[in-house]
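Asker: Okay, here's what each chain looks like letter by letter:
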Amino acid sequence: MGALREESAQRGIEDRIDAAWVWDRIAKAVIFIGGISAIVFVISIFIFVAKEGLGFALFDLDKSQFFGSPAWRPTSEPEPQFGALALMAGTASVTGFAMLIAVPFSLGSAIYISEFATGRKREYLKILVELLAAIPSVVWGFIGLTIMNPLIIQVFNVPVGLTILNAGVILGLMAAPIMTTIAEDALKAVPDGYREAAEAMGATRWQVIRWVVLPSAKKGLVAAILLGVGRGFGETMAVLMASGHAINLPTSPFDSVRALTATIASELGETARGSEHYKALFTLGILLFLVTFTINLLADILVRGRKGKKA
Amino acid sequence: MVEQSKALAPLEKVRVRNLTIRYGDTVALKDASFEVRENEVFGIIGPANSGKTSFLRAINRMDEMTSGMHVSGEVIFNGKDVSEWRNLYALRSRIGVVFPLPVGLPMSIYQNVAFAAKLRGVKKKANLDEVVERCLTRAALWDEVKDRLNSLGSLLSGGQQQRLTIARALSQEPELLLLDEFSIAVDPVTTMRIEDVLKELKSEMTIILVTNLVQQARRLADRTAFFLNGEVVEVGDTAELFKRNTKDQRTTDYLEGRFG
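Heads up: the sequence lines are chains A and B, in that order. The first sequence lines up with residues 1 to 311 when you count with my numbering. The second sequence lines up with residues 312 to 571 when you count with my numbering.
Just so you know, the hints here were simulated from the structure itself, not pulled from any lab data. Keep in mind that this is a model prediction, so the values were computed, not measured. We put the beta carbon where it would ideally sit given N, CA and C, even for glycine. Be careful, since some hints might not be right.
Quick list of simulated restraints, FRET-style, between CB atoms [to be verified]:
#1 B:D336 <-> A:R120: 15 to 23 Å
#2 B:Q526 <-> A:R25: 18 to 26 Å
#3 B:Y400 <-> A:I43: 52 to 60 Å
#4 A:R120 <-> B:E395: 27 to 35 Å
#5 A:A29 <-> B:R504: 57 to 65 Å
#6 A:W23 <-> B:K429: 56 to 64 Å
#7 A:W23 <-> B:D336: 40 to 48 Å
#8 B:S378 <-> A:S44: 46 to 54 Å
#9 A:P104 <-> B:S378: 24 to 32 Å
#10 B:L466 <-> A:S44: 28 to 36 Å
#11 B:N461 <-> A:P104: 42 to 50 Å
#12 B:G390 <-> A:R120: 36 to 44 Å
#13 B:D336 <-> A:S44: 58 to 66 Å
#14 A:K28 <-> B:R504: 53 to 61 Å
Construct the entire structure; sequences and hints are all you get.
Answerer: Next comes the structure, spelled out in structure tokens:
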């Protein structure tokens, strides 16, 4: 007893640096570096893109041509044309079409997983959805090229199958799993007490979902959709492979288009560093960056708003 | 048979026969048999884990949404075993439930109370307005919220939210009202106000009141059941029980606060 007290007294008095203290410091430093590096990378990417393209975009580029003309002829002599309208229309149409597919699919499966599936079935489904989200985009592009392309030609009797329809379907299927996961999280965050209270009043499952669950998960669901849209804008390889990659102002889902991202990916390797063409591609990059940044920010604000309200 | 019992005794609202409720291997309520009469307040007292809440859940078939909950035996509501109801939603819409902690649905005060009416198919604004005002008035909440019916129900204080859930239960126009320790999150003054409301409601519906306050059962219940560790120890006239005319010594012990 006496010895014990003496020992603890000693420990209290002695302010010594022990292993636990050292490890704590090291862990803190490592975590800090990890955390800060993400921010540093994002900022340096932005600076790099801006450095390469911003000067050109602000001073040399004909803005009315860039936003108003569909003619993207960066290598034509003597006067190259940098009209990005067709590229923007391509990205927008493919993304829009993709959302037509992804929104109902992802919300539907999120509702099923969260509200109807139970036990093991739910776990398997969640794993499966996450697995789908992990399929590389080049594989999706491959599917678009080898399966969707002949299918569209056959079913709709059109000459080309690499179209908005093709890329939209592929992109929709690609974006749906991640949207499902986020939407399902939002639905799961709705307290069970709400469901129980509403069901105890005699509401049917559908009435509970329609009037209680969906309204309270609304912000998270919108965030899920926005992240899907962001994914659509940013996706490159699958769209490059499935959209036909033809500069075109689309008038129907059976038109081939070219996306902003695909243009950068396919042309950047052939340009001379520092040339106008090179800088114009970086301008496209800045445009994409701004759009996806805005969308992600919006989604983030919405998700935060949802969490903040609960706390 | 039924005619006979009608003639002899007050009308039965709920009849429980050999009711056993299990959660996996754990028995929550064992072989319970008793009846709840029409237009009475039926009190259920007993310490925690006695099967009181499980019994309420069995009446409106909440076992459907509780995984692992298994009910055997009979719960006869209005002469029909609840396990034979095919349209559970219709069954539940006739039974109002008030939970221990108030659950305001994530909508406005107005929508909370109008919800049940909407589910029933009431669409006219004037009718809904009428339901909302009547139920909030009866739950002693109207005066406090009439100027902010469109603000969120969850912004009310705990006591107000509990009265909101009572108003919501009343908006179902239930035949049977189940109250599960409603005063757990409510201050004493509000509790007394709600108790007054319940006394009035008795003429229109049957009330089953689960309470952890022995005195609350004494004030409100016509008859009282004492649940202990899943066993229905005794069911009797509240007045008689509190005169210590009990059949089982354990009831007296509990009423006198010797355990629980």
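Asker: Now tell me if each hint is right for this structure.
Answerer: Hints, verified against the model:
no.: 1; hint: B:D336 <-> A:R120: 15 to 23 Å; verdict: holds (20 Å)
no.: 2; hint: B:Q526 <-> A:R25: 18 to 26 Å; verdict: violated (59 Å)
no.: 3; hint: B:Y400 <-> A:I43: 52 to 60 Å; verdict: holds (56 Å)
no.: 4; hint: A:R120 <-> B:E395: 27 to 35 Å; verdict: holds (30 Å)
no.: 5; hint: A:A29 <-> B:R504: 57 to 65 Å; verdict: holds (60 Å)
no.: 6; hint: A:W23 <-> B:K429: 56 to 64 Å; verdict: holds (60 Å)
no.: 7; hint: A:W23 <-> B:D336: 40 to 48 Å; verdict: holds (44 Å)
no.: 8; hint: B:S378 <-> A:S44: 46 to 54 Å; verdict: holds (50 Å)
no.: 9; hint: A:P104 <-> B:S378: 24 to 32 Å; verdict: holds (29 Å)
no.: 10; hint: B:L466 <-> A:S44: 28 to 36 Å; verdict: violated (45 Å)
no.: 11; hint: B:N461 <-> A:P104: 42 to 50 Å; verdict: violated (32 Å)
no.: 12; hint: B:G390 <-> A:R120: 36 to 44 Å; verdict: holds (39 Å)
no.: 13; hint: B:D336 <-> A:S44: 58 to 66 Å; verdict: holds (60 Å)
no.: 14; hint: A:K28 <-> B:R504: 53 to 61 Å; verdict: holds (55 Å)
Of the numbered hints given earlier, the model fails hints 2, 10 and 11; all others are met.
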